[in-house]
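These are the residues of each chain, in order.
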Amino acid sequence: MAVKNFVVGLFDDEAVLFPAVKKVRTAGYKLHDVYTPFPVHGLDHAMGLRETSLHTAGFIYGITGTTTALTFMSWVFNVDWPLNIGGKPHFPLPAFIPITFELTVLFAAVGMVMTFCYLCQLMPGVKKHIFHPRQTDDKFVMVIELTEKSNAEEIKRFLNEAGAHDINEQRAEAGWWYGRYDKNDEDIYARPANA
Amino acid sequence: MSLKYESTLREPLVDGVKDYHQVTEDIISPIEGKPGKLWYVGFLISLSLLGFGAFSVFWQIYFGVGVWNLNKTIGWGWDITNFVWWVGIGHAGTLISAILLLFRQGWRTGVNRAAEAMTIFAVMCAGQFPIIHMGRVWMAFFILPYPNTRGPVWVNFNSPLLWDVFAISTYFTVSLLFWYSGLIPDFATIRDRAKTKLRKLLYGVAAFGWTGSTKHWQRHEALSLVLAGLSTPLVLSVHTIVSFDFATSVIPGWHTTIFPPYFVAGAIFSGFAMVQTLLIITRKILHLEEYITLGHMEAMNKVIVLTGSVVGCAYLTELFMAWYGANPYEFATFFKYRAAGPLGWSYWIMMTCNVITPQVFWFRKMRRNVMVTFVMSIIVNIGMWFERFVIICTSLYRDYLPSSWSYYRPSWPEVGFYMGTFGLFFTCYFLFAKYFPVIAVAEIKAILKTSGENFKEKMEVYEGESAEQFAKAVHHEHAH
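Chains A and B, in that order, give the protein sequences. Under this note's numbering, the residue at position 43 of the first sequence is numbered 43, and the numbers go up by one with no gaps. Under this note's numbering, the residue at position 326 of the second sequence is numbered 1326, and the numbers go up by one with no gaps.
Mixed in with the good hints, there may be bad ones.
[Said to hold, decoys possible] EDC-like, lysine to aspartate or glutamate: derived pairs with alpha carbons at most 16 Å apart: (1) A:23 <-> A:154; (2) B:1215 <-> A:51; (3) B:1197 <-> A:169; (4) A:156 <-> A:169; (5) B:1458 <-> B:1025; (6) B:1200 <-> A:169; (7) A:127 <-> A:173; (8) B:1458 <-> B:1011; (9) B:1215 <-> A:44; (10) B:1434 <-> B:1026; (11) A:30 <-> A:145; (12) B:1336 <-> B:1318; (13) A:4 <-> A:169; (14) A:30 <-> A:154; (15) B:1195 <-> A:145.
[To be verified] Stretch-level coverage of chain A by chain B, calculated; a stretch enters the list once three of its residues show a Cβ under 8 Å from a Cβ in chain B: (16) 87-96; (17) 109-120; (18) 162-173.
[Claimed, not checked] So, partial list: chain B residues that the calculated Cβ filter (under 10 Å) puts toward chain A: (19) 1045; (20) 1165; (21) 1449.
It is worth saying that the hints were derived from the structure and are not from the lab. By construction, the Cβ of each residue, glycine as well, lies at the ideal position given by its N, Cα and C atoms.
Please construct the entire structure, taking both the sequences and the accompanying hints into account.
What follows is the structure, encoded as structure tokens:
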């Protein structure tokens, strides 16, 4: 990941934020991200993000669980050690249903949470740049990336007109790294931008 | 004009004048302060109960399962009663967090975090009983299907007891994941406002590096929805499978097809009662009356009266079937030894606590009375404990062979073990109430502008408008 330059603006109200997102997209600025303290419905569509495929992943994990349970139990009862349990059949499908169901749910849930953590790069000990400490409290933080073609002052003026306040320029690692939240992270910004 | 409109006819879910920051302050600041005296007293009592429980379990493991008062006739007593009771309590948490999410019930946001925590702690307590009651607990891993050097001899996949192993462990895992994934954004909130280095470090680790990115929220929402969809059949399956432990046997009093729905209703019934007990104390001590309102309590009391009546119907259906089924043994179990006989008193405690007393909740005044709710929540849980005791013990103590008829009262290690799980439960809950946000901060913020009291007042302007005017205004809002 690279260290980049950003212009950051704060919004107080989602009703102001939505039109601002639209304006940024029409103006053609590179919208890095919007950080919100809670899920704002429709913001992903307003930003033009595609739908997540996490559901599909969950379905695949679930199916894996189903087949794992069914094949394993059938293999044990028919191939590995065919034991006569009170004269019951070796492939008692109804009796297999509870465990099959539980494993389906277990695989789907564990798999989805792990995929979620992988996609969002979430893990204990991961440190990411927080553009404003109140982005997890009550402010909606819009972050616009500075490219070679864009002008910081122009974007600042633009954000001000769109209703943002506390507009500032930040130089930060936009990705993630292992670090500690109680440690000063100045050193990481010493690297040149777009290295 | 807010982005979503909700009628003022609906009661506000958050009382008082709030903005997003105030919500954070109200819920997070108890975590940052020092706990009160009451907290220390409660925590120490819980710890000592836990210690006594550990001693009772040690005693049982050291001297063997014979220190319990179980005998050849009554093979399951307090151990399995307590197991079913604790698992049942857990069910309300998942119902609130999953089923009510799918039903789009906004009021769940105020109570889901604490209820899910309760689920996890209750399942932890429940899991102790089947493991310890095996006697030789160091052999407990025999219940897992692992390749072993004895053949390998596998577990019996036909056995409901094995289904239980899978059901309870899956239930615990999925509930924990669901709960923790909801906690991540709130931990990030605590981390970003932390004043001390240690707090910043610990909550930073717990928050997994959450930033609140829109894409992450989108995935988080998708994850919550699918986990809710998975948990809904899961929670129904867990108590169904617990009921199979009994229903698939041939003991009169256990061998009935009504058990799965009857157990699930009973589980939700007792679980909601436990949620009420905990939340009435929590809201008082942490001053969260504006988030866990009388409206929340009323909604839960409605669930209690519904499920209580479902359970009542099940009791009557059982009695009817015992007579109509023309099986003399089943008839004897129900009419001679359950509703009457030496253990008959437990049946009538169950009937009074579960069927008769919850009927007070047909009255709105009673549903919204904190004291009545608190007392009722305890009565219901006593009743539900006796329900499991009645099902297990009164079906066993008079079996087919009169010479083996027996009576049962617990020995001190059995009582101590049960007390110990209370210790475990409340130790965990006290730690949770001190170090975790007891209300889902992000979720409350998401409903604040539609359901907060001060925001709803502004809606009255729109209530006066005609539908066409309103539609026009909304259209205009979204046009630019």
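Now the hints, each set against the structure:
1. A:23 <-> A:154: OK: residue 23 of chain A and residue 154 of chain A at ~14 Å, within 16 Å.
2. B:1215 <-> A:51: holds (9 Å)
3. B:1197 <-> A:169: violated (26 Å)
4. A:156 <-> A:169: holds (9 Å)
5. B:1458 <-> B:1025: Roughly 23 Å between the alpha carbons, so the hint for residue 1458 of chain B and residue 1025 of chain B is violated.
6. B:1200 <-> A:169: violated (25 Å)
7. A:127 <-> A:173: holds (10 Å)
8. B:1458 <-> B:1011: Since the Cα atoms of residue 1458 of chain B and residue 1011 of chain B sit roughly 14 Å apart, the hinted pair holds (cutoff 16 Å).
9. B:1215 <-> A:44: Holds: residue 1215 of chain B and residue 44 of chain A sit about 7 Å apart, inside 16 Å.
10. B:1434 <-> B:1026: The hint holds at about 14 Å.
11. A:30 <-> A:145: Measuring from Cα to Cα gives roughly 6 Å; hence the hint holds.
12. B:1336 <-> B:1318: Judged against 16 Å, a Cα distance of about 14 Å means the pair holds.
13. A:4 <-> A:169: It holds: about 11 Å lies between the C-alpha atoms, which stays within 16 Å.
14. A:30 <-> A:154: Holds - the C-alpha atoms of residue 154 of chain A and residue 30 of chain A are around 13 Å apart, at most 16 Å.
15. B:1195 <-> A:145: violated (30 Å)
16. 87-96: The restraint on the segment 87-96 of chain A holds, since 4 of its residues have a Cβ under 8 Å from chain B and three suffice.
17. 109-120: Result for this restraint: holds, n = 8.
18. 162-173: That given contact is violated, which follows from only 0 residues of the segment 162-173 of chain A lying within Cβ reach (below 8 Å) of chain B.
19. 1045: Result: violated, 32 Å to nearest chain A Cβ.
20. 1165: Check passed: Cβ of residue 1165 of chain B comes within 9 Å of chain A, closer than 10 Å.
21. 1449: At 8 Å from the nearest chain A Cβ, residue 1449 of chain B passes the 10 Å test, so the hint holds.
Of the hints listed earlier, those the structure fails to meet are numbers 3, 5, 6, 15, 18 and 19, in rising order.
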